[in-house]
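Student: Residues per chain are reported as follows:
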Amino acid sequence: MDFITLSGHADPIPLTEDAKSQLLGYLNNARASVENTIDGDDLIRDLETSIGDTMRAGLTNGANHIDGPTMSKILGDAGPLDSAQPVQPVRTTDLPWICRVQQGKWFGGLCLGLAIRRGFRVDWVRTIAIFFLLITGGLLGVAYLIALIFVPSMETPEAYRTALGQAQQRPPSH
Amino acid sequence: MLALLDGESHYAGEIATMLREAEFPIQDGTLHPLLNRMRRDGLLQHEWQESPAGPPRKYLSLTTEGRDQLIQFRDYFRRLAQLIEQ
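Chains A and B, in that order, give the protein sequences. Residues in the first sequence are numbered consecutively from 607, following this note's numbering. Residues in the second sequence are numbered consecutively from 281, following this note's numbering.
It is worth saying that the hints were derived from the structure and are not from the lab. Just so it is clear, the structure is predicted and the values come from calculations on it, not from any experiment. Take the hints with a grain of salt, since some may be wrong.
Negatives, chain B to chain A, calculated, CB over 12 Å [as the list claims (entries may be wrong)]:
(1) 284
(2) 286
(3) 288
(4) 303
(5) 304
(6) 321
(7) 341
(8) 350
(9) 353
(10) 355
(11) 358
(12) 359
Facing chain A, according to a computed beta carbon distance under 8 Å, are these residues of chain B, among others [unchecked claim]:
(13) 290
(14) 307
(15) 310
(16) 312
(17) 322
(18) 354
By construction, the Cβ of each residue, glycine as well, lies at the ideal position given by its N, Cα and C atoms.
Please construct the entire structure, taking both the sequences and the accompanying hints into account.
Tutor: Here it is, written out as structure tokens:
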């Protein structure tokens with residue numbers, strides 16, 4: 607029999623050694639997946655509290671400790687941590703000719719990306735895109751959807767502008 | 281998610297239970313990153329409160345921005361529903 611203290615739970619929770627090693631393994635993986643992210647620590651704390659709640663609920667149902675199979679079920683239900691990391695910034699040396707921009711996007715962020723890249727007004731780009739969408743009878747829509755698969759993404763317009771600025775200062779990589 | 285927090289505050293565990301009751305099961309591993317992200321985007325705010333049983337909890341509620349977004353979404357959804365009915 608062993609105990610573990612989880613964030614948000616003052617009292618240690620009794621569990622078997624097997625259960626403890628499963629839990630520690632899970633938390634280590636979770637920690638590794640959010641390493642170096644802004645609110646990684648917060649996330650782990652929230653996750654620990656919530657797993658602790660589930661374990662406590664299991665204990666109030668009669669059991670006096672959490673065993674291996676119960677732990678597997680709890681962790682299975684919690685699921686892997688969806689690290690939700692900000693979209694990886696594109697390396698500036700090989701910045702493609704267009705990027706999607708997440709913040710302020712309407713649909714996929716392609717028009718916004720194009721507008722930032724070329725210094726156009728985004729409402730004009732969107733208007734023209736919608737105009738062509740109608741003219742081509744939706745063909746542009748299909749092209750847009752295909753482009754969504756291939757075009758990399760930037761988190762904010764500022765990030766894209768910064769990346770563009772850096773790329774201009776640097777000579778092309780090839 | 282925003283609608284769950286409309287006018288009331290809950291902590292993550294309650295949100296998970298409510299979603300499960302609404303037959304929308306969500307895993308902790310997905311829920312917490314989502315809530316964190318919404319907080320970072322300024323849609324949610326949190327406040328530590330003592331709970332009747334157990335540890336202090338992080339109670340989440342909507343910010344003005346979150347409320348605005350909910351109103352916008354509801355408007356949009358209503359229009360969409362009307363459009364489909366027509």
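Student: Which earlier hints turn out false for this structure, listed by number in ascending order?
Tutor: Hints 6, 13, 17 and 18 not satisfied by this model.
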